[in-house]
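Asker: Using the hints provided, position chain B relative to the given structure of chain A.
Going line by line, the protein sequences match chains A and B. Using our numbering, read the first sequence as starting at 2 and increasing by one per residue. Using our numbering, read the second sequence as starting at 2 and increasing by one per residue.
Think of the hints as simulated: they come from the structure by calculation, not from any bench. Note that the structure is predicted; figures quoted are calculated from it, not measured. Watch out, some of these pointers could steer you wrong.
Said to hold, decoys possible - Simulated coverage check for chain B against chain A, where a stretch passes if three residues somewhere in it have a Cβ under 8 Å from a Cβ of chain A:
id, segment
1, 11 to 19
2, 62 to 76
3, 127 to 137
4, 155 to 161
5, 166 to 172
6, 176 to 184
Just so you know, even glycine gets a beta-carbon here, dropped at the ideal spot from N, CA and C.
2 protein chains.
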Amino acid sequence: MNHLKDVPLNKAYLLLNHGPSTIVTSEHEGVANVMAAAWVMPLDFDPPKLMLVLDRNTWSRHLVEGSAAFVIQLPTRQQAELTLAVGSSNGGEGNKFEQLDIRTSRAKQVEAPIVDGCVAYLECKVISEPHNQEKYDLFIAEVVAAYADERAFSNGRWHFPSDELRTIHYQAGGAFFATGEAFQVSRG
Amino acid sequence: MNHLKDVPLNKAYLLLNHGPSTIVTSEHEGVANVMAAAWVMPLDFDPPKLMLVLDRNTWSRHLVEGSAAFVIQLPTRQQAELTLAVGSSNGGEGNKFEQLDIRTSRAKQVEAPIVDGCVAYLECKVISEPHNQEKYDLFIAEVVAAYADERAFSNGRWHFPSDELRTIHYQAGGAFFATGEAFQVSRG
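Isolated chain A (complex conformation) (with noise of 0.2 Å):
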């Protein structure tokens, strides 16, 4: 069953608003990579920009510049154990999606892999910004296609309907945090 509805563009920025941890793939010349990565988020809402770190020893890395694309997917609580296990490994060439089982479809309007079972999807192309990228591990990135599983995000909302479909926000050593309690305030 596949529960992924397109996310407006215009509103892609909702799905990383609350700050969740994420997964990374990428793919160049035929070969691909997939990496946890807690250090992304949005920078602009139309057309959407968002922003992700990707140290420069990564493999990811050397994708990423090659193919100037990736997608940047959010594992559920579920998938917890998953994104560790690809966060652990800078990968080297060796083929983390077959050692460690993952099931993928393609991606839409980019060249590159997604992780079935992610409650959203924003497939990117890179703005090129050497200097950024040089200095800082940088990229900026434009959100050219976005997806999420509607039992989980609608009408530009997350609703967690059970606690295996929440999304997670990394600490560190092998520590998460569930996105928790949703609860609502009113402007004064």
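Answerer: Leaving out everything else, chain B in the frame of chain A:
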């Protein structure tokens, strides 16, 4: 009672790693302001750097450009109403501290007020990057002092003792999530 305890600078990123919403304070030539900011994240470990997206139409932007400094603080669930209130107005030259009856203290390393009752503070000096500031409203800064409420953060980990002291994650339209359940994942 003051529960604030210094956080070693090389651990300061752990205050922000889980993606909480923040409040930004700044001051220039004796004029101070306060606003909410969801788009803040770490950029480097040691010396610690972070990034803040600061819209050009805000009064705080004017102050930060003048002083090259600001303070990021993490409001608690108890302060969600305050967070929404300071975020919903760009302030102009009005004094939001007085209008909203916000109690403040002084930062240690930079010239700015800090909002009392937050669970973490990161005092920052801007690293001048005119291209990023002009093109993307993006400010990169070095964290020069960090301290946190030791009831909620100690030994490099968040461990919220009560719902009231939990950090918060902004969605939109007054909707927040509290930082949720902590869980530990082991490396395969």
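Asker: So, for every hint listed, does it hold in this structure?
Answerer: Status of the hints after comparison with the structure:
1. 11 to 19: With 3 residues close enough to chain A, the hint holds.
2. 62 to 76: Coverage by chain A is violated for the segment 62 to 76 of chain B (0 residues, Cβ < 8 Å).
3. 127 to 137: With 3 residues closer than 8 Å to chain A, the segment 127 to 137 of chain B meets the three-residue bar; holds.
4. 155 to 161: That given contact holds, which follows from 3 residues of the segment 155 to 161 of chain B lying within Cβ reach (below 8 Å) of chain A.
5. 166 to 172: holds (count 4)
6. 176 to 184: Result for this restraint: holds, n = 9.
Consistency note: the structure conflicts with earlier hint 2 alone.
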